[in-house]
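K.L.:
This is what each chain is made of:
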Amino acid sequence: MDKVWFIAVREVRSRFTDRRLLMIMLAAPLAISVIIGLAFGNLGRSSSPIRDIPVAVVNHDQAGTNGIAFGVMLAGMLTGGQLQESLPSSMAACPQAPAASSGGSTGNELTLSELIHGTTFDAAAAQQLIEDKTILSPNAEAGSSDYLDAAARAAVDKGIYTAAVIIPSGFSASLSSLADPRQPPSESTITVYGNAGQALPAGIVRSVVDSITAQLVSGNIAIGATFTKLAESQPELLASALDQDVGAKFVCAFVPGDDLVRLDDQPVQAADTGTAGSILVTFGSAQALFFALFAGQTGILSMYEERKNWTLQRMLASPTPRWAILSGKLVGVLVTVLFQMLALILALTIVGSLMEGRPTFIWGTDLPRLGLVLLAVAIAVSGLGMFLAGVLKGIEQANIVGSVLNMGLGVIGGAFGFQLPRLIAEFSLIFWARQAFEKLSAGHGDVSLNVLVLVAEGAVMFAIGLFLFNRKFEV
Amino acid sequence: MDIMVETKDLAKTFGNAKRGEVQAVKGINLQIQKGEIFSLLGPNGAGKTTTISMISGLTAPTRGDATIGGYSIRRQPLEAKRLLGVVPQEIALYPSLSARENLEFFGRMYGLGGKDLAQRVDGMLDFVELTDRQHDRVETYSGGMKRRVNIAAGLLHDPQVVYMDEPTVGIDPQSRRRILDTVKLLRDQRGMTVLYTTHLMEEAQELSDRVGIIDHGEIIALGTPGDLIQQVGEQDKLVFKVSQSVVSAEMLEHIRSSVEGVTRASFDPPGEVGENKTNISGLLIVNAARGRKALPFIIRLAEEAGIEIESVEVREPDLEAVFLHLTGRELRD
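Here the protein sequences come in this chain order: A and B.
Going by my numbering, 377 is the number at position 377 of the first sequence; the sequence numbering is gapless.
Going by my numbering, 209 is the number at position 209 of the second sequence; the sequence numbering is gapless.
One thing to keep in mind: the hints can contain errors.
Taking lysine-lysine and the DSSO-like style, the derived pairs with C-alpha atoms no more than 27 angstroms apart in a straight line are [unchecked claim]: (1) 293(B) to 237(B); (2) 293(B) to 241(B); (3) 26(B) to 8(B); (4) 393(A) to 308(A); (5) 393(A) to 18(B); (6) 3(A) to 115(B).
Some chain B residues near chain A, calculated using beta-carbon distances under 8 angstroms [as the list claims (entries may be wrong)]: (7) 90; (8) 92; (9) 93; (10) 94; (11) 110; (12) 267.
Quick look at which bits of chain A chain B covers, simulated, 3 or more residues with Cβ under 8 angstroms [said to hold, decoys possible]: (13) 13 to 21; (14) 306 to 313; (15) 318 to 331.
No lab work stands behind these hints, which were simulated from the structure alone.
Glycine residues also receive a C-beta, built at the ideal position from the N, C-alpha and C atoms.
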């Protein structure tokens with residue numbers, strides 16, 4: 001075991017005394033992350049480039065059986081934070097409902113009306129764009145829902161809007177069915193159609209809509225659960241209640257607060273993280289992982305370099321078993337990647353703190369899980385390196401194929417600032433690792449699936465790589 | 001004497017039946033004695049490296065076995081490798097580490113550690129005269145200094161057998177001389193068995209107690225350099241540079257028949273094909289069993305015939321000639 005350790009120490013030392021590799025391992029991802037952080041890091045301030053995101057709001061919804069038009073509420077919030085006007089009078093009295101004067105930010109908070117500039121997209125708006133020849137007339141029956149939806153999508157594609165929020169006709173009915181046991185459950189889906197070229201602001205719109213609907217849904221589910229319990233214990237009381245206006249009685253349960261998009265909200269266990277921190281977590285972790293792939297591969301593939309320089313043969317000619325040499329290499333790579341990731345995490349924390357103007361640990365407070373994710377990342381990266389070493393024929397081929405593969409994993413996994421559909425992104429270990437870091441940063445501690453995927457991916461690739469490598473590695 | 005290295009029907013075949021096989025080594029049998037410097041000679045592709053790789057446990061033999069100090073490299077590889085030091089042709093060192101760090105690392109691969117390792121490293125740095133540069137990175141060293149550290153790394157664990165693969169390639173004459181002296185010291189002072197590969201005949205002749213010539217994966221000659229030269233019956237070659245452009249056939253026959261030991265006399269005119277094609281003088285070439293003894297008689301005959309001799313060169317037979325004799329090819333082909 002001593003020899004494994006000596007080989008690992010030498011491996012780590014070689015990596016960290018190689019200036020070229022240090023540039024790849026630390027300087028490049030740090031620089032890129034900081035640049036991205038600086039570009040988007042002022043989101044919470046008035047000078048933020050991401051403000052007033054233009055959004056087309058298409059509302060097909062009608063009021064549900066309880067008389068509440070949730071679609072109108074949502075549309076109202078998106079079109080200038082006009083919750084007061086869209087709320088029934090009974091809701092306006094709820095304690096969490098926004099004050100009439102609400103609409104401006106205080107301190108570092110960013111309100112919905114500052115973030116999203118929503119416009120009601122109706123037939124008239126569509127017609128105007130068609131007459132201006134900004135968009136073509138949709139291939140659907142004029143005046144129909146499909147016609148309006150297609151026009152809104154075309155306007156997004158043309159860049160008039162960053163996203164279109166399409167509220168379906170059964171939205172209120174669907175929400176009401178959750179709260180009223182007398183109604184059959186129904187489903188409806190809000191569509192957020194984003195401009196592919198503006199992934200970040202479109203993603204913000206999607207998050208905002210998700211957040212609002214989540215609160216509406218949870219309020220209705222809570223009411224439904226209350227009714228169900230009531231039906232079991234006091235059916236008479238329930239019958240009496242249902243004869244009256246349910247919405248009016250329980251309306252405060254699902255009235256959204258005016259702080260849905262306050263960016264300094266802190267969930268339990270979440271990091272004390274502002275927008276700059278969040279962006280650093282997203283881009284920084286993806287960049288760190290992207291460059292860790294290179295570091296990991298360089299470590300494992302250095303076996304070819306060592307064979308070329310005959311240092312490997314010198315080790316093999318010594319009374320050192322082959323497994324010890326391979327294990328030493330692997331441990332060295334694992335430690336190198338861990339050091340690299342730790343160094344980047346610390347560096348990005350410092351950058352994030354400077355950008356936030358206060359000490360901020362942007363990676364969450366769950367340090368054991370953070371360590372677990374780092375270890376899983378190191379295993380996955382080393383496994384990929386071993387796989388390449390086993391499959392490819394030499395250092396030149398490995399360098400070319402490895403670079404192309406890493407670029408591909410980076411693109412798929414979201415290391416370059418845009419996101420591919422999740423179905424595709426899941427093929428990249430960068431996605432799983434980045435998502436784990438995001439979860440930890442947001443205080444959602446369950447990263448077991450991410451860790452499992454990373455470790456399994458790494459272990460399988462390592463086993464295959466080791467088998468192939470051992471078979472062909474005649475010195 | 002004790003046998004230190006032995007190969008029995010050692011063979012290696014590359015490729016497979018489908019894609020075609022190459023028999024790199026075709027069943028070699030060798031016995032190298034303790035304290036012997038044994039050189040393996042052969043042109044590129046002859047099978048030298050494959051043979052040595054099998055002996056040092058880097059490549060698995062297809063057939064046969066090799067033993068080092070009685071330990072089978074197939075069945076007891078770790079025991080066999082403990083007795084073997086390797087000095088490859090390449091500078092098998094980590095350039096970003098210092099000489100001392102390199103030696104310490106490779107020493108640990110042989111199970112050395114603690115004070116013992118430190119003392120051995122000190123001793124070896126002293127042996128290769130690099131104590132004053134021990135903490136400098138190897139990448140800052142000259143070619144000769146790197147070679148010396150390369151040798152030190154192979155000797156650090158005080159092996160009983162050391163394999164040196166062309167250790168003098170690409171270095172200046174002074175460093176080369178130093179390395180050759182080191183090899184002799186290893187045998188004379190430490191009693192090491194040295195397995196040496198080279199394509200430089202003069203090195204092999206100077207160093208080797210015995211030589212094995214390998215070609216097409218087979219040992220085609222084995223013995224001391226003197227024995228090998230004797231075995232093939234090679235003669236000295238006397239080369240006279242003369243001002244004449246023509247020497248008559250009668251004169252050549254006269255030299256051949258009247259000087260004792262001369263077996264052949266020929267003339268290579270200037271500017272023609274053959275050995276003399278770039279020369280403006282003619283070459284009178286005489287083959288004789290004892291060239292130095294025949295030399296004064298040939299000079300007298302030439303003077304009598306009015307042939308003006310500009311210079312004389314006596315070429316004694318060497319291993320190059322042996323190889324040429326055995327294979328019809330030059331060693332460097």
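K.L.:
For which of the previously enumerated hints does the structure constitute a violation, in increasing order of number?
P.N.:
The structure breaks only hint 12.
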